[in-house]
Amino acid sequence: MPHPIHRVARFDIVGPYTLSVTFTDGTTQEIDFRPVLHGALFGPLRDLEVFNAVVLDQEVGTLTWPNGADFDPATLHEWPAACAELAARAQAWTEPTPNGPQANTRMEPTRR
Numbered sequence: 000m001p002h003p004i005h006r007v008a009r010f011d012i013v014g015p016y017t018l019s020v021t022f023t024d025g026t027t028q029e030i031d032f033r034p035v036l037h038g039a040l041f042g043p044l045r046d047l048e049v050f051n052a053v054v055l056d057q058e059v060g061t062l063t064w065p066n067g068a069d070f071d072p073a074t075l076h077e078w079p080a081a082c083a084e085l086a087a088r089a090q091a092w093t094e095p096t097p098n099g100p101q102a103n104t105r106m107e108p109t110r111r
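Here numbering that gives the first Met the number 0 is used: position 31 in the sequence shown is 30, and no number is missing along the way.
These aren't lab readings, by the way, just hints derived from the structure by calculation. These numbers were taken from a predicted model, which means no experiment stands behind them. Even for Gly, the Cβ is constructed at its ideal location relative to N, Cα and C. Some hints could be false.
What the hints assert, rightly or not - Computed spacing ranges between beta-carbons, pair by pair:
id, residue 1, residue 2, range
1, Arg45, Pro1, 29 to 39 Å
2, Glu48, Pro1, 35 to 45 Å
3, Ala86, Asp11, 16 to 26 Å
4, Gly60, Ala87, 34 to 44 Å
5, Pro65, Met0, 29 to 39 Å
6, Asp24, Val54, 14 to 24 Å
7, Leu47, Pro1, 32 to 42 Å
8, Gln57, Ala87, 29 to 39 Å
9, Met0, Asp46, 39 to 49 Å
10, Val13, Ala83, 19 to 29 Å
11, Glu48, Met0, 16 to 26 Å
12, Asn51, Thr27, 16 to 26 Å
13, Glu84, Thr27, 13 to 23 Å
Put together the whole structure using the sequences plus the hints.
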């Protein structure tokens with residue numbers, strides 16, 4: 000069974016840590032990223048100046064930040080269904096410590 004490929008077409012910053020994301024299929028999600036801004040990769044995005052430096056990577060069709068953080072566009076497209084699980088997982092991510100271990104921060108919902 001084919002599965003759709005979602006790509007971000009555009010976005011607008013609509014509030015602190017909140018983006019309105021429009022996809023190539025015409026759907027739009029308003030996403031508040033605050034619940035998932037934890038860990039070595041996404042924690043730095045709690046700095047609003049860093050968060051607002053988001054850009055659209057046209058090549059892969061997703062949002063990216065200067066520190067290398069990004070989200071799978073399928074995850075963004077399905078955010079209402081994925082948000083609670085991602086937020087729960089994000090709470091377990093450790094912040095970076097000098098020379099310490101770092102948790103996996105990959106932002107994909109668990110497939111069942």
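Find the hints from earlier in the document that the structure breaks and name them by number, from lowest to highest. Going through the list in order, the structure violates hints 4 and 11 and respects the others.
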